[in-house]
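There are 4 protein chains.
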Amino acid sequence: MSCTDLDTLKQRLREFAKARDWDQFHSPKNLSMALSAEVAEIIEHFQWLTEEQSKNLPQNKLDEVETELADTFIYLIRLADKLDIDLLVAAISKIELNEQKYPVDKAKGNAKKYTEYG
Amino acid sequence: MSCTDLDTLKQRLREFAKARDWDQFHSPKNLSMALSAEVAEIIEHFQWLTEEQSKNLPQNKLDEVETELADTFIYLIRLADKLDIDLLVAAISKIELNEQKYPVDKAKGNAKKYTEYG
Amino acid sequence: MSCTDLDTLKQRLREFAKARDWDQFHSPKNLSMALSAEVAEIIEHFQWLTEEQSKNLPQNKLDEVETELADTFIYLIRLADKLDIDLLVAAISKIELNEQKYPVDKAKGNAKKYTEYG
Amino acid sequence: MSCTDLDTLKQRLREFAKARDWDQFHSPKNLSMALSAEVAEIIEHFQWLTEEQSKNLPQNKLDEVETELADTFIYLIRLADKLDIDLLVAAISKIELNEQKYPVDKAKGNAKKYTEYG
Chain A
39 MSCTDLDTLK QRLREFAKAR DWDQFHSPKN LSMALSAEVA EIIEHFQWLT
89 EEQSKNLPQN KLDEVETELA DTFIYLIRLA DKLDIDLLVA AISKIELNEQ
139 KYPVDKAKGN AKKYTEYG
Chain B
39 MSCTDLDTLK QRLREFAKAR DWDQFHSPKN LSMALSAEVA EIIEHFQWLT
89 EEQSKNLPQN KLDEVETELA DTFIYLIRLA DKLDIDLLVA AISKIELNEQ
139 KYPVDKAKGN AKKYTEYG
Chain C
39 MSCTDLDTLK QRLREFAKAR DWDQFHSPKN LSMALSAEVA EIIEHFQWLT
89 EEQSKNLPQN KLDEVETELA DTFIYLIRLA DKLDIDLLVA AISKIELNEQ
139 KYPVDKAKGN AKKYTEYG
Chain D
39 MSCTDLDTLK QRLREFAKAR DWDQFHSPKN LSMALSAEVA EIIEHFQWLT
89 EEQSKNLPQN KLDEVETELA DTFIYLIRLA DKLDIDLLVA AISKIELNEQ
139 KYPVDKAKGN AKKYTEYG
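Residue numbers (the numbering used here), protein chains in the order written: chain A, 39 to 156; chain B, 39 to 156; chain C, 39 to 156; chain D, 39 to 156.
Incorrect hints may appear among the rest.
In this list, chains with the same sequence are indistinguishable; a pair is considered to hold if it fits within one copy or across any two.
[To be verified] Derived SDA-like pairs (lysine to any residue); straight-line CA-CA distance at most 20 Å:
no.	residue 1	residue 2
1	132	79
2	120	63
3	48	124
4	144	52
Worth flagging that the hints you see were computed from the coordinates, not collected in a lab.
This is chain A alone, in the form it adopts within the complex:
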């Protein structure tokens, strides 16, 4: 399979919505809600499982979770597109900021939020 990148997905989603005259529903406000609803479908698969069970899903469950991750990714790309945000650039910047906020010597082995550092 060839390399399908984010721009290709973005274009495909634009065409999908356009063909169905769905842009009228795709305000950023609405897309944030749809994104939230999809993430909750991921949560639903894990809510009664232990952390250990969540690492060892049977294949049928993994397939279902894969679908919810796909839906989440689709709405995230769509929302970023409507806001003219480049997800890759934004993610790189945020990782670099996180490296400042969570230096290894302070962050190692604990999950405290940086605001809780002394």
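Guided by the hints, dock chains B, C and D onto chain A, whose structure is given.
Just chains B, C and D now, kept in the frame of chain A:
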């Protein structure tokens, strides 16, 4: 940009977590919760705005939303990595399935869920 | 109605879970996830509607939303019970705090977060 | 302390919003988003904790979680009010339905969704 960028981000996030000994906290169950918390921070920016206002954010607000989208993308990549799911492949499959579930003649101009088609 | 109704619901939910040996699944962590999943089912009903449409739901949609509100309320009561939190007392305290954070002269007619007051 | 019931809270929240001219922002669509954002603040407190840790929160953490539960309850009451839904009646009905969907002999000791019963 080629699709090595998702892989690059994935690797970078692995190193970030490893250096901080954070894999212990990164069960799929926990990551789904973190993902959910970040999406809600996007929602918070839009909850009192009209749809029209959400399309025309002032620059400072847009910058804040960009950060939340970055955080969401980061946790999505991390969760997909821990579940060994390829986000691009999953998204393409889902778009193709959606093309079946939402044929243009049935879907055009309305936002009904496919389960509500006659 | 007196406030014994929240206590009655709380007791009923305790018995429901006990009879099914479900307390093992009802850690606060898990209950917060279940609560989140139910709220997202409310969101799903509104995501493609305009604000005006959301004020004028047809009866069948209103019935569905009522079920999701019920599920949300149930998990909220259950979570509060497991944490030994009194929802009514907590809510009154929070309203009183909000009256401080959002004085009428500052808050009137605008939806800014109190942290954005000059 | 006297008995503050749901109707009293509902009235108090009506007055709070009216005094601040906030009804313009309180469409059911918007309130569902605000509810979602508050629930995520609960999730945030538990995301890196184990289930066991979530049952044994230190007092300062418990106080913070109490505030988020209060905020969640407040938005739930407000949303139900705007939709003219009686939360207590809805909850009782749903528990009774759940008793049908999850009979003790099928549900005992397992967290399967009723749709997964043979």
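*asked:* Hints numbered earlier in the text: which of these fail when held up against the supplied structure?
replied: When the structure is compared with the hints, none of them turns out to be violated.
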